[in-house]
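**Q** Residues per chain are reported as follows:
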Amino acid sequence: MYRYIVRRLLLAIPVVWGAATLVFVAIRLMPGDAVLAQIEEKVQPTQEELQAMRAQLGLDVPGYVQYVRWLSGIAQGDLGNSLLTRKPVLDLLKQAVPSSLELGLLTALVAFSIAVPVGVISAIRQDTALDYVGRLISIGGLSIPSFVVATVVIIVPTLLWQWMPPVGIVPFWKDPGQNLMQYLPAAVSLGAHFSATTMRMTRSAVLEVLREDYVRTAHAKGLRERAVIYRHVLKNSMIPVITVMGSLLGGLLGGIVVVEVIFGLPGVGNLILRSIQFADYTALQAGIIFLAVMHVLVNLLVDTTYAWFDPRIRYS
Amino acid sequence: MQRMIGKKKIVAVLLGLALALALTACGPAAQPAPSGGDQKATEAQQIKRGGIARKWAPGAPGSLDPGKGDYWVACELNNTYGKLLEYRAQSYTDSELVPSLVEKWEIKDGGKSMVLSVRKGVKWQNIPPVNGREFTAQDIAWNIDWYKKSSEVKWLWTPVTSYQVNDNYTITLNFDEPSARFFQDLGSPWNEMLPREVWEKDGAFNKTIIGTGPFIFESFETDVRLVRKARPDYWKTGADGKALPYIDGWETVILKDYSTQLAALISGQVDLWRCLGGPEFKDLETVKKARPGVQINSYPRYNYMAISYNLDQEPWSDLRFRKAFSLAIDRQVIADAAWDGDAVWSSFVPPSLAKYAWPEAKVKEKFARNVTEAKRLLQEAGKTNVTVVDVPLPGGAGGSRMHEVIQQMVGEAGIKLEIKEAASRAARAAMVDRRENIISISTDTPDDDPDGFIGRLFESSTSSAQNRGIKDPKLDELAKAVRVTVDPAKRKEASDKAQDYLYEMLYRIPTVDYREHKVRQPWIRMPTAIYWAYGIPGMDELWLDK
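Going down the list, the protein sequences come from chains G and Y.
For the first sequence, this note's numbering assigns the number 34 to the initial residue and increments by one for each residue that follows.
For the second sequence, this note's numbering assigns the number 14 to the initial residue and increments by one for each residue that follows.
By construction, these hints were calculated from the structure, which means they are not laboratory data.
Some hints here could point you the wrong way.
Unchecked claim - Residues on chain Y that point at chain G, a partial pick, calculated with CB under 7 Å: (1) G75; (2) V237; (3) R238; (4) V266; (5) L268; (6) K269; (7) D270; (8) S272; (9) T273; (10) A276; (11) A277; (12) I279; (13) Q282.
Glycine residues also receive a C-beta, built at the ideal position from the N, C-alpha and C atoms.
Let's have the full structure, built from the sequences with the hints guiding it.
**A** Here it is as structure tokens:
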């Protein structure tokens, strides 16, 4: 098992490196640079002043030199300084990551707690009213983007009851109640979308397992339906569900940008948006590396849980 | 029985009314309207101290250093730092200056020198390394040097060629030539007085924030909030005779999304709108309905939407093409389609600067649409079927619609306008590097002085003119006249001449100026306007009536 994990982690290095390199190149292909993006309207620098500012940020050297400098920094555990705030990017990530992780975990929780029960009910009551309602919810969740749900979650209660989730984020350890009031609506906005795909996968996986011989045998033995579902069907149908959830959660971390902005959550999404806005190359690269690492780790976690659901699986 | 109870009730009510009338008759006679002094005393009694005011602001900049010339910092730290003069700002177009750190001033030698008298007894906030020492004329001297050498808003102090600190409380500033607008810049929110000790300790102003203002900087969390608390020993006193500010502190929450900003206002989670801009015109009715009693002030901005281009690029180098482009545009269509009719036509000095702007009738006559003439000019210039690239800057819905209507109108005259979506820096890069034949439709640097719309944009020594390829000695002379003429009537004359010439040459095309709408919750009591040009004067006098 350990060997498997180490091998997977080693394989992740080129994946993360590739993603970071792609971003390094892509952001530099865009017209303009950090200096032009950061100068204020009230400041009208001359070309010489612009060049001096570029030199100050290390942007006066060719792209490949910047790349080598950046890579050697990473090899020494230094992600560089933000071109916007001049603070170490690692510090910015440390501030942003807890917020995104909380949002990610709550979203997974919301998505899982909607998707699995609705998916199972939809499967065991196939072609009944309950199934149709479940499928309708799923189609709705798939077709409505998260940012629309997020805007509705903010605007509708505001217009109806002059209420919206509290603004000005408070950390969980300071006030758990208020913190959840701030993060849960965002998690619901994201989770509604992700639960749709997972629900459809759960339904089809459960339907498949329900037709297996061992399920029929369990019924024949006189086991109650609840026991059959819990002990035999659910556990055996979870592998594809977990796989889908894993890849969705990896993708979710990239999809949090808009939702974080709408709900004013100070996470990696907000950091990435600001970095794009101000062409803060180093912060953007660090943000993308974080997302890539999270994607790899979530998928690794998913792969290692297979054995729990199916003891026949061996990691070698 | 029921009828009896009914009668008893009526008798009781009548007796109650009679008693109330008798008591009223025995009470004091009706009071006359309070006199000025009484009114102040009544106001003082009404004032409620305490509470935290809250506003929102969009994403914070990278640095809190006021020397970077950032709007956000200028607004948010305006009440932590102090300025030599403050805007009176009793309305949104009241740009009169009133004493602040400088108590009085005297202009000498026909405008070639100015003596500033510093208010005695004003202290810096009592925080190391400044430790509450007195603010003196030496501080002004240090700031002049610092702004000119180390800030990115050097222009604030460039007119000052030398100075003498006469004593602790007076300083004489000398100019090579009179500068009519320098005085206005003393109240600019970018012109905060900064403490020398902090620069000596940190070599920057983004770590330790200490000023002479009424609020002490407490904390700043990127993408979350900025918090300040009231200073206990501020030099100004309130109507109740105690030291200002009335509130215990104020907080700015970071909200980047417009729907969220609007929802925060409607749900009562923020008390004030940000310094810059306001809710969109179309949303005002929703706000009024959702929050009865909400205070809305609408005012014209010190700015206008202009079409700019690089003059050393074809086809813009040809005056006939520029004229044709301008003639092809119907400003009223822009006002109606892009700003729901909530905009006015503008010349080179916006209508909000009423003292210097052209009269409305003249603007409408000069900038009237004439497609036939536009086509004739294009024909004459041999520039039919020319394509012009437009890279819109990110902006509100109004801004986006503006591009589309302009595209349609110039298309009718035979000019193809190709809209290319790109980030703002792409547009700026193309304009600054003068690589492409592109136009930029945007508001330029806002200003409350005509020099900001003439000299600062078109004088060939400015980077703004250089970046757009403008080099015109005649315009330089006219712009200089606006800058150095101190007499208001003569300055108006100079400004008119410069505008006439700009109209002739069309180095940019002015279009419309849309209004902004500032919103405050019903419980906010504040004597001044919050506006980007002023910062937030009067935050110390804000109190919460709830």
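**Q** Now tell me, hint by hint, if it's right for this structure.
**A** Verification of the hints:
no., hint, in the structure
1, G75, "3 Å, holds"
2, V237, "5 Å, holds"
3, R238, "5 Å, holds"
4, V266, "4 Å, holds"
5, L268, "5 Å, holds"
6, K269, "5 Å, holds"
7, D270, "5 Å, holds"
8, S272, "5 Å, holds"
9, T273, "6 Å, holds"
10, A276, "4 Å, holds"
11, A277, "5 Å, holds"
12, I279, "5 Å, holds"
13, Q282, "5 Å, holds"
Hint violations for this structure: none, all hints satisfied.
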